[in-house]
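Colleague: Here is how the chains run, residue by residue.
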Amino acid sequence: MLKIIDLHASVEGKEILRGINLEVKAGEVHAIMGPNGSGKSTLANVIAGKEEYEVEKGQILLEGEDIDELSADERAHKGVFLSFQYPIEIPGVSVTNFIKTAINANRKANGLDDMPAKDMLKMIREKSEMLAIDRKFLSRSLNEGFSGGEKKRNEIFQMAMLEPKLAILDETDSGLDIDALRIVADGVNALKTKDNAVIVITHYQRLLDHIIPDFVHVLHEGRIVKSGSKELAHKLEEKGYDWIKEEVELD
Amino acid sequence: MAFENLVDVESPIHDVRSEAIKTFEDEGFPSKRNEDWKYTSLNSILKHDYSVFPKQENHTEYRDIKKYLINDIDSYKIIFIDGKYSSHLSQTTHEGIDVCLMSSALAKPKYRPIIENYFNKAATKDSISSLNTAFSQEGAYIHIPKNKLVEKPIQIVHFSTGNESALMLQPRNLIVVDENSHVQIIERHQSLTENPVLTNCVTEIFAGKRSIVDYYKIQNDKQSASLIDNTFIKQKDESHASVHTFSFGGNLTRNNLSFYQEGERIDSTLKGVTIIGDKQHVDHNTLVHHIEPNCESHQDYKGIFGDRSTGVFNGKVLVNKEAQKTNAFQSNNNILLTDKASINTKPQLEIFADDVKCSHGCTIGQLDEDAMFYMQSRGIPEKEARALLMFAFSNNVMNSVKIPEIKQRITKIIANKLGVNLGFDL
Chain A
1 MLKIIDLHAS
11 VEGKEILRGI
21 NLEVKAGEVH
31 AIMGPNGSGK
41 STLANVIAGK
51 EEYEVEKGQI
61 LLEGEDIDEL
71 SADERAHKGV
81 FLSFQYPIEI
91 PGVSVTNFIK
101 TAINANRKAN
111 GLDDMPAKDM
121 LKMIREKSEM
131 LAIDRKFLSR
141 SLNEGFSGGE
151 KKRNEIFQMA
161 MLEPKLAILD
171 ETDSGLDIDA
181 LRIVADGVNA
191 LKTKDNAVIV
201 ITHYQRLLDH
211 IIPDFVHVLH
221 EGRIVKSGSK
231 ELAHKLEEKG
241 YDWIKEEVEL
251 D
Chain X
252 MAFENLVDVE
262 SPIHDVRSEA
272 IKTFEDEGFP
282 SKRNEDWKYT
292 SLNSILKHDY
302 SVFPKQENHT
312 EYRDIKKYLI
322 NDIDSYKIIF
332 IDGKYSSHLS
342 QTTHEGIDVC
352 LMSSALAKPK
362 YRPIIENYFN
372 KAATKDSISS
382 LNTAFSQEGA
392 YIHIPKNKLV
402 EKPIQIVHFS
412 TGNESALMLQ
422 PRNLIVVDEN
432 SHVQIIERHQ
442 SLTENPVLTN
452 CVTEIFAGKR
462 SIVDYYKIQN
472 DKQSASLIDN
482 TFIKQKDESH
492 ASVHTFSFGG
502 NLTRNNLSFY
512 QEGERIDSTL
522 KGVTIIGDKQ
532 HVDHNTLVHH
542 IEPNCESHQD
552 YKGIFGDRST
562 GVFNGKVLVN
572 KEAQKTNAFQ
582 SNNNILLTDK
592 ASINTKPQLE
602 IFADDVKCSH
612 GCTIGQLDED
622 AMFYMQSRGI
632 PEKEARALLM
642 FAFSNNVMNS
652 VKIPEIKQRI
662 TKIIANKLGV
672 NLGFDL
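Order-wise, the sequence lines are chains A and X.
For the first sequence, position 206 (counting from the first letter as 1) is numbered 206 according to the numbering used here, and the numbering increases by one without interruption.
Each number in the numbering used here corresponds to the 1-based position in the second sequence with 251 added.
The hints are simulated quantities; they were obtained by calculation from the structure and are not laboratory data.
One thing to keep in mind: the hints can contain errors.
What the hints assert, rightly or not - Chain X stretches covered by chain A per the calculated footprint, using a threshold of three residues with CB under 8 Å from any CB of chain A:
| id | region |
| --- | --- |
| 1 | 611-621 |
| 2 | 626-638 |
As the list claims (entries may be wrong) - Among chain X residues calculated to face chain A with C-beta under 8 Å, some are:
| id | residue |
| --- | --- |
| 3 | 544 |
| 4 | 642 |
| 5 | 646 |
| 6 | 649 |
Said to hold, decoys possible - Which chain X residues stay away from chain A? Per the calculated CB distances, all over 10 Å, these:
| id | residue |
| --- | --- |
| 7 | 431 |
| 8 | 540 |
| 9 | 559 |
| 10 | 643 |
Here a beta-carbon is modelled for each residue, glycine too, at the ideal position from N, C-alpha and C.
Here chain A stands alone, though its shape is the one from the complex (with noise of 0.2 Å):
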């Protein structure tokens, strides 16, 4: 599904990703964790495209295509979702309307005609459903004045709507009250199938006891230092990320 090889990134001249190696298959959950400015983030929005990240060396396939010319939408119709940290406030334009125009914008550059009305409704509705969504909700203009949780329960709706191939959570925990986490993971849970992959991106360990990770990799300094399964979290959860931090000086 993913494949990144030697991935170097920076961003206003500044390198925060110093030669990243990861593969994602298919089927597969993988956790990313590591300390604050590890360049988890970085990592998250040049996958996805965000302009403002240089790739100096390295290469992301994605089944097995280079995606490096690709911009952010083009990445989108190829099946990449980015659940963002701090999803953006577009005012005058519904939840509804927004997920209604990216649909339709990923269906044509697909080849596909629009979905029709029905089909879209039904969807929307079951998709509100699954992750306790109020239909007022979905009238309301896009993140405007929308709690945390709220936030961040749209970003997996939206992801539910468009059924992505590799979806990437950048701290979708933050923000979230243990209700909110169970209904968010419960949704990501739904949507797991054996053709498509997630992403995790977080700082704890919380969100992985809802969401299991096949993996888990621990990134410091923009390198990708340790792997393992997911007892590697729940070690970081009791031991903080200190000990990683000297295993990899030692080095």
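With the hints as your guide, set chain X onto chain A.
Modeller: Quick look at chain X alone, frame taken from chain A:
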């Protein structure tokens, strides 16, 4: 200029006209030395040899103009072709209200009291307005007597056919709305060919006690057309008047919009969306004069400037010493899409009362790159994402449009201008 022999000396407004001619002859067109015209030069549009009184009668069919009207609502229509009233395209009325022509109001004795009380009583005596006062021959005359809720909006549309190689139009509209009445008016100036047109329009509006007047200006003309639009509104106690100005087209557009609050508990709303490109120029010059206590004014202008286009916002709020408890708000936000586009924005507050709330703010920025990335990451291509952001940016202004069909029309015009199909109405 010796136009005097073309002016009807029997007219009830003969003296007003003579005076206006003198004013214009003394002052001429405003130059950039005039502070109010510092950023808008008329030189380029005055170089054409405009004919002022078109000779040819023009035959224009409904199918030629249909797309410029708002058709999906039942409305009165006052349609002018090259400055002349077109009876077969119009739908006027005298049933309970007068929706008709300035020329007949000026000619018939029964309208004389209204003309004498109101004609040229709101317009300022500046040279541009005087030019119109001197030579205008036609326009809309609307009188709504008290306690009338006019259910059908009134569309005033001035077309130019381009049969004259260059045409100058001087439409003159008078709108008198008496106590407790409510009216909605849509105004548009539209040329049908690429020949140069200069329109210098004056509209006077008198909003009586507790009346509601909602006025919408759709400016989406061809780039061969320029418009100087002068609108003066006098309001009495507890009246609500609003003007929404949507500026998308034209070569040079200057909007002079002045509100005078002659009473208490008055509400005035001035809103605008400007989206232009190429070398277009749009200038909003507004005045709200708070004369009496306990009144409000709300100004909200949004501008998006692409290519080498230029914008001006000059918003003056004047609060008299007597006008205590005034609430005056002004906001002007602009987005520059290129580094060749520019905007000059200048709030001007003159406050002589001490117990008032006045706020103003202006911003100039670019489209939010984070928001662009957010939308593109959902698969929305750059052009559509840009359009959505522009809609979002103008949303505050669109929200207060009370006629849904106008909102839809404006949405469509913007979408066309940006070359996108959004697939939904905002």
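Colleague: Taking the hints in turn, state whether each one holds.
Modeller: Hint-by-hint comparison with the structure:
Coverage of the region 611-621 of chain X by chain A holds in this model, with 3 residues showing a Cβ closer than 8 Å to a Cβ of that chain against a need of three. Counting residues of the region 626-638 of chain X whose CB lies closer than 8 Å to any CB of chain A gives 10, so the stated coverage by that chain holds, three being the minimum. For residue 544 of chain X, the shortest C-beta to C-beta distance to chain A is roughly 34 Å, which exceeds 8 Å, and the interface hint is violated. Nearest Cβ of chain A to the Cβ of residue 642 of chain X: about 6 Å, under the 8 Å cut. The hint holds.
The beta carbon of residue 646 of chain X is positioned within 8 Å of a beta carbon in chain A (closest approach about 3 Å), and the interface hint is therefore held. The interface hint given for residue 649 of chain X holds, since its Cβ lies 7 Å from the closest Cβ of chain A, which is under the 8 Å cut-off. With a least beta-carbon separation of about 33 Å from chain A, residue 431 of chain X lies farther than 10 Å from that chain, consistent with its non-interface assignment. Residue-level check passed: residue 540 of chain X sits 31 Å from the nearest beta carbon of chain A, beyond 10 Å.
At the 10 Å boundary, the C-beta of residue 559 of chain X stays outside the reach of chain A, the nearest C-beta of that chain being 25 Å off. Distance check on residue 643 of chain X: its Cβ comes as close as 5 Å (rounded) to a Cβ of chain A, failing to clear the 10 Å threshold; non-interface status is violated.
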